[in-house]
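> Next come the chains, spelled out residue by residue.
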Amino acid sequence: MNLQRRRQILSGILAIAGIGALIANQQPQTLAQLPESGYQAPSFTLQSISGREIKLAQFRGRPVMLNFFASWCPPCQAEAPDLVKMYDRYQGKIIFLGIDMTETDSPADVSAFMKKVGMTYPVLLDGMGKVARQYDVISIPTSFFINAQGKIVQRVEGAMNQQTLQTDLAQLSRPEVQT
Amino acid sequence: MNQLLGGLHIGPFTIYYSFLGGVLFVVFAAVAAKLYAKREGSAYGDVFVDTLLTSAMIWVIVWKVSGMAFVFQDILEKPVQVLFSAPAAGSGLIATGIAGLYLFVRLWRAHPALWPWVDILVVSMTAGLIPYFLLHLELGKQTTWPWGIWAAGARYQPVNFYEAGILAICLILALSSRVEERGVRGVYLLTLVGVGSLSVTYFTSSTTLVLLFSPVQWSALLLALLGIFGMKRFERTKV
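Residue numbers (the UniProt record's numbering), protein chains in the order written: chain P, 1 to 179; chain C, 1 to 239.
Chain C extracted, bound-state conformation:
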């Protein structure tokens, strides 16, 4: 399974599996949004898919070129070198911030109400993350379990497969629940994903802790708490 660190070789080019995971994230998220909107009779499916695909393109472009913002002189003196340079350290964060802002503004302008978007957003992101985790190897703590993955003489927990499995279970649970109001399925799924992801971190090696938890654990906790507050809002609705 360590081959997941490599990629597909096509002539002189290599497509990393982790990059392929990112592409599949967008494809699965778009298809899931389209199918879910159709199933629920929502009119927002097409707008969402269109916005999602544009956001993904914005992410790639900003990720690649954001580093250039710091090298004005190089752009003039050695433009080709700048074009083929590796992205800067914070490029991923900058790209995520700008693409996320675009997604938020476009959806808000299409319909300035929260709940029509929550269901589609949470369902599509969860569906997209399943192939992403399947192709993005993450090894956790050492284990003696037979399905542990060997790396440099020891066996480790394949955390990314656990994450993909948990997300698939959460998605099935949420989609098989009956709901009477828009937004209920989204907050329910958000809670399931938060609780599930936090449980998976039991197997990860968290070496960087901020106030007792790792950044991933804090994110999972935040998602779960957001979902729980959302569920409380819809408390009287039967699922």
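With the rest of the complex left out, here is chain P:
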């Protein structure tokens, strides 16, 4: 078969594939729940350090920043002051949730840590490490930026500095990221 014939056949298939893709794009899309960018954030319910039951689903319609940490972890300690500064700046626009890896920590240490760095946003206790496993958290800190539709926009492993946080949070609060 000569090249011209191949080109014609492939052009035909490309046209069909293009129409197929257009039709597929119009169908309702259901994203899988996976702890990765581009997927729906896995749902969970945890108790906060103040004893309130908090569900991720209750924040649907607002962007959320999830931060997995432990009070003993040096990179988490280094990141915490910047998180607190950013919470003060974005309070009301973005929901901040800290998730303490309580399996390797203790509520008393977490309370002392929160007091020391001035952390006032809700901190949830993942006593059995179930949510950390659900979110496939291998190293801490690990953070998830979730848009108003519940889709993970970004997953960041490692400590973020103020500039990185500022960039990621500014992006998360933009209206076009909410779809």
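One should not assume that every hint holds.
Said to hold, decoys possible - Below, in silico cross-link-like pairs of lysine to aspartate or glutamate (EDC-like), each with a Cα-Cα straight-line distance of 20 Å or less:
id	chain 1	residue 1	chain 2	residue 2
1	C	78	P	82
2	C	64	P	157
3	P	151	P	136
4	P	85	C	77
5	P	85	C	74
Claimed, not checked - FRET-style restraints, in silico, Cβ to Cβ:
id	chain 1	residue 1	chain 2	residue 2	range
6	P	106	C	65	34 to 44 Å
7	C	154	P	37	27 to 37 Å
8	C	100	P	5	25 to 35 Å
9	P	23	C	152	21 to 31 Å
10	P	5	C	10	44 to 54 Å
It should be emphasised that the hints constitute simulated quantities derived from the structure, not laboratory data. By construction, the Cβ of each residue, glycine as well, lies at the ideal position given by its N, Cα and C atoms.
With chain P fixed as given, assemble chain C onto it according to the hints.
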């Protein structure tokens, strides 16, 4: 198969499968370029492999340190924290841009003609992407098909395996074709890859659309159209 989201645990360290996929991409691309250049009697194989490996190293370094460009004060005040910080949001794009520019300039300086490079570049990239997709889990639309992958109570299309399969078929088709001129195999494979990748997107969940298509679909379309224009140029050559 959801284990593909995790990694290999070696003592306190974890090597993510997606990272391993990136390493295998470079290894397979380099080996494929070397073997292909040898098979075709091309003198450019070694230059290409050398440039590819250097580009990969540039990518890793730029990806890790590009975020530091925005935190001059932190570099002086808390250098260790900056060194262990997570890469910034745009680090991947910046790294890809710089590594790609280096690859282009080095190859151009080695031989400023397009076609000797097209075959090697397209064959090696396609070969490299096969293990990359095998280790990089991507779930698409919900399905009832038996090989669908379970995630949070529903079964989804394993799009990354389809992509790897399509690329392998494209590579076999292109390598088994007879060509009489340099560049023909490259543009033919480019068209096959573009058409194949666009077909696979039928199974993906495309929630972000720009002018009716997702960014991945636009990329596949662009590759296919580039290949078709290239094929038109070589029209009289028999394959």
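> Take a quick look at whether residue 85/P and residue 77/C sit within 20 Å of each other, Cα to Cα.
This hinted pair holds, its Cα atoms lying about 18 Å apart.
> Given the hint of 25 to 35 Å, is the C-beta distance from residue 100/C to residue 5/P inside that range or not?
holds, 34 Å
> Lying within 44 to 54 Å: is that true of the beta-carbon distance residue 5/P to residue 10/C?
holds, 52 Å
> Given the hint of 34 to 44 Å, is the C-beta distance from residue 106/P to residue 65/C inside that range or not?
holds, 37 Å
> Are the Cα positions of residue 85/P and residue 74/C separated by 20 Å at most?
With a Cα-Cα distance of about 16 Å, the restraint between residue 85/P and residue 74/C holds, given a limit of 20 Å.
> Is 21 to 31 Å a correct range for the gap between the Cβ atoms of residue 23/P and residue 152/C?
Given about 27 Å between the Cβ atoms, the range holds.
> Is 27 to 37 Å a correct range for the gap between the Cβ atoms of residue 154/C and residue 37/P?
Given a distance of about 19 Å, which is not inside 27 to 37 Å, the answer is violated.
> If you draw a straight line from the CA of residue 78/C to the CA of residue 82/P, is it 20 Å or shorter?
Roughly 13 Å between the alpha carbons, so the hint for residue 78/C and residue 82/P holds.
> Given the hinted pair residue 64/C and residue 157/P, is their alpha-carbon gap at most 20 Å?
OK: residue 64/C and residue 157/P at ~12 Å, within 20 Å.
> Please work out if residue 151/P and residue 136/P have their alpha carbons no farther apart than 20 Å.
holds, 16 Å
Checked against the numbered hints above, the structure breaks only hint 7 and satisfies the rest.
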